[in-house]
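Peer 1: Chain R is fixed; fit chain E onto it per the hints.
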Amino acid sequence: MPMSHEMPRSADRDEPHRLGALGPRVVRVAGGIGIAALLASVVLGSLQPDGIERLSRTYLVSFSYVLSLALGALFFVILQHLTRSGWSVVLRRLAETFAATLCWLAILFIPVALSVRSLYGWTQPAADDALLAWKQPYLNLPFFYVRAAVYLVLWAALARFFHSRSTRQDGSGEPALTLSMERWSAPAMILYAFSVTFAAFDWFMSTDAHWFSTIYGVYYFAGSVMGFLALMALAAIALRRAGRLTRSITIDHYHDVGKLLFGFMCFWAYIAFSQYMLIWYANIPEETAWLVVRQSGPWGSLVIVLSVGHFVLPFFGLMSRSAKRRTTVLGLWAAWLLVMHWVDLYWLLMPRWSGEHIPFGVIDVTCLIGLVGVFIAAAARVAARHPLLCVGDPRLAESIALENA
Amino acid sequence: MTGTMSTAVIEEFDNTGVAPRQRAPLVLGEHDLASVTEAVCRVVERPKPPRAWYIAFAVSSAVTGMLFAMIGYLFLVGVGVWGVNNPVSWGWAIVNFVFWVGIGHAGTLISAILFLFRQRWRNSINRFAEAMTIFAVMCAGIFPAIHVGRVWVAYWLFPIPNQMQMWPNFRSPLIWDVFAVNTYMLVSLVFWYVGLIPDLATLRDRATTRIRQIAYGLAALGWRGSQRHWHRYEVAYLLLAALATPLVISVHSVVSFDFAVAQLPGWHTTIFPPYFVAGAIFSGCAMVVTLIVPARQWFGLRELVTRRHLENLTKVILATGSIVGYAYAIEFFTAWYSGNAYELFTFVNRALGPYAWAYWIMITCNVLVPQLFWFKRCRTNLVIMFIISILVNVGMWFERFVIVTTSLSRDFLPSSWDYYSPTWVDILTFIGSFGLFFTMFLLFIRYLPMVAMAEVKTLMPQAHGHGGKGGDHA
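In the order they appear, the protein sequences are chains R and E.
Under my numbering, the first residue of the first sequence is numbered 3, with each subsequent residue one higher.
Under my numbering, the first residue of the second sequence is numbered 150, with each subsequent residue one higher.
Okay, chain R solo, but in the shape it has when bound (with noise of 0.2 Å):
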C-alpha cells in the first residue's frame, strides 16, 4: 500500500521566476516615491503650529499598517510550516519577503520611539491620575523601549528564520531544512502570539492610557493577516501581468487566497463585533469612553463605512466561487480591503487626538505614501535577490498541481 509516488523536485524551469531587472526598477520607484512622500510629509507638518504632533500622529497609523503587513506575512509563513502545508508552497515565498522586511520596519519605528510624547500621554501623567501612577510599572519609558527592542529584534529573527533557511534550500532542496522550519514554528506561533499582542496593546492600544480590551491584540492580529492575504493576491497579480510565476500559480492557489482573505475578512469582523458588542452592552463608562469618541460624530459615519466597507460588500463581493478564481474581481478586492484596513487602523487611533473632528488631510496621505513606498521598496530589494519561487522546496510540485474541487 501505497504511498504517495515521489514528487518531482523542480517546478517549470522555463518559467520566469526571478524578478531580474524589475527589481532594482521597483525599489527605485518605489523608495523614491516612499522617501519624497515622507519629506513631504515633514515639510507640510513643519509648515503648521503643532504639525509635527500631527505628523508623529498619522505617521503611528500608517506604521502600525505597514507592520500588520509584514507581520501578517510572518504568521502566514510560520501558519504554512506549523500545519505542513503543501498547497501554499508557490506562494511562501512572498510571504517570507513580505516577513522579510520586518527588520527594515524596526528601522521605521525610530521616529516612533522618538515621538513617545505626543503619541503617549502616559509619559507625562497628572499628578493626580491614579490609573496611571498604577500602571506606571507597565507604562515606564524604559521598559516601553526595552519591550520594543525585543518585538522587533524577535519578529526580525524569526523572519530572517524563515526566509534563510528557505531560500538555502532553492540550492540544496534538501529536506532537512523543511524539517527544521516545520520542527520550530509551534514555539515560532507561541512567541509570535505574545509578541504582537503586547505590542498591540504598548503601541497603540497604550495611546489611550486609561482604556483596555483584552481582545485588543487579536483584532489587531485579524486585520493583519486579512490585510496580508489582500497583499499578497495584489503581489501575485502584479508578478503575473509582469510575466513572472505565470505557470506555477495557478488560478486555484488565487481561488483559496480568495477563500482566506474571505474568511480573515469574516473573522475581523466577528472579533470587531464581539469588542464592541460586549463593550456597548455592560456599559461601563471606563470602557465605553473609548467607543462614545469613536462612533460620535463623522467617527461614527467611519463606523458604518467599516461595517460596510470592511465586511457587508466584500462578503457578499468574495463569497462566490468565481470572483476568487478571476484576477480582476480578486484584484480589485483585495485593493478594496486594503484601504479598508488602513481606514480601520485609523479609526482605531486617530479619535484619541482629534476629538470630535476626523482630522483626514494631506499629510496623511503623504504619510501612507511614504511608508508604503519604502515598505514596498524594501520588500523588492529582497525579493530581487532570491527566486520568487521556493523552488527547491520538496512539495513544489505537490503545490503546482493543486486542482481545488
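I should point out that these hints are in silico values taken from the structure, not numbers from a laboratory.
The model shown is predicted, which means the values in this text are computed figures rather than measured ones.
Cβ atoms here follow ideal geometry from the backbone N, Cα and C, with glycine treated the same way.
Just so you know, not all the hints are guaranteed correct.
Using C-beta positions, here's what the derived DEER-type ranges look like [to be verified]:
no., chain 1, residue 1, chain 2, residue 2, range
1, E, Thr572, R, Ala115, 56 to 62 Å
2, E, Gly166, R, Val155, 32 to 38 Å
3, R, Ile286, E, Val302, 30 to 36 Å
Peer 2: Only chain E this time, still in chain R's reference frame:
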C-alpha cells in the same frame, strides 16, 4: 516513514513520520475498497453485540435512569434541591451546560472546518466526532431547560405568539443561546445525516434481514450511488460545511455572551468569545480522543483510525490549549493593567481565594498537562494521550466552574458573599448526564457505521487513477 509502505500489516504501523516529500498513508494494512466496507459494517452487522456491549449498555442506561430520577425529583421539589444559593444562582447546572456544549464543538469542527481546509485525515473520524457532538449537545440542552424553575412553562423560551402578548427578552443573550444551540443542533444533525446517506445505503444493500432492509432502506432515502447522486451529494456537503463553520464559532461565542455581557468582574471581558470557542474545541477534541482510543481497539479499526489521526488530534489539542492559555494570561494581565480593583480582586481571589483548589486544577489540567504533547512520544502513545485527554476535560469542567462560581460567590457586595457547594442531587445529575451520553453512543456504535466508509475510500490510492492523492491533506 523512511521504510517501505507496502507491507504494513504490522501491529500499529507507525505512519506518523514527517518526510516532506511524501504524504503519510491514512489507511493502513492490506485494505481494498471491499475490505474497508467489511471492516466497518462488521461491527454493525454482527447478529449480537459482544457481551461487553451489553454490560456497558446496562450500566449506562441505569445511570441515565438516575439522571431522569434526579430530574423528576427536581421537578417535584424545585431548584432548592441543588446547591445554588443567593449570590451563586448559577451552579453546576450552568457549568455542566457549558461543559457539554463545549464538547459538542469538536464534531462540527472536524467535519466542517477541517473539511474546508482539506484536512483529509478527518474523513476517518468525522462520523464518530459528529455523533459525539450531537449527543453532547443533547446532554447540554437538558441543563438550562431544567434550570428555569417553572419547567412547565419552559416553552416560553421560544417566541411563540400568544394571547398574553408575552415575548422572551430578545436583548438577553440567554435567549440568543436558545437559538444558537438549537440551530447548531439542527445543522449538526442534518450534516451528520447527509454524510450518513451513502453508508446507510451500503448497509441496506448488505442487509440480511427484512427489518434491517426496511429500516436502512428508508433512512438511505433511495440512494443508488449514481453519478448524479454523488454530484448533488458533494455540493450539498460542501454547502453544509460552509454553513456549519460559522455556526461552530457562533455557538460558543453566544454562550460566552451569557457571561461577558454582564458587568460582573471575571465575566465581562472582550476576549471571551474567541477564548470560549478555542476552549470548546480543546475539550471536544479531547473527548474524541477519549472515546476513539478504546473504540478503534475494540472494534478493529486501527488501520482506518491510525496513529497519525490520533497524533493530529493531539496537535489540535495542544494548539487550542495554547490559545486557552494565552487567554488566561491576557485576562490576568489585563486584570492588573486595567487598574480596576474589582477585576484584580476577582483574579487574585480565583488564584488564592476559597476556590483556589479549583483554579489550580484548571491551570494544571488545561495549561500544564497538555504541554506534554510537545513530545512526540506523548502524541503517539495511546495510554498517555488517553490519560491527558481525560485530564483536559476535567480541566475544562473546572474552568467553567471557576468562571461561574468564583465571580458570583464574591461580587461587589461583601455582605452577600457566600460559598457554594453542590448537593448530592447536583452530583448525581451530572453523573447521570454521562449515562445519557454513553447510552446514545453505544446505540450509535451498534446501529450505525462508526467510520464514514465512502469518505475513507477517497483516501485510498484505488480512488485515484493517477495515484499520489492517498495521503494526509491535499
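Peer 1: With reference to the structure, classify each hint as holding or not holding.
Peer 2: Cross-check of the supplied hints:
{"no.": "1", "hint": "E:Thr572 to R:Ala115: 56 to 62 Å", "verdict": "60 Å, holds"}
{"no.": "2", "hint": "E:Gly166 to R:Val155: 32 to 38 Å", "verdict": "35 Å, holds"}
{"no.": "3", "hint": "R:Ile286 to E:Val302: 30 to 36 Å", "verdict": "33 Å, holds"}
In summary, this structure violates none of the numbered hints.
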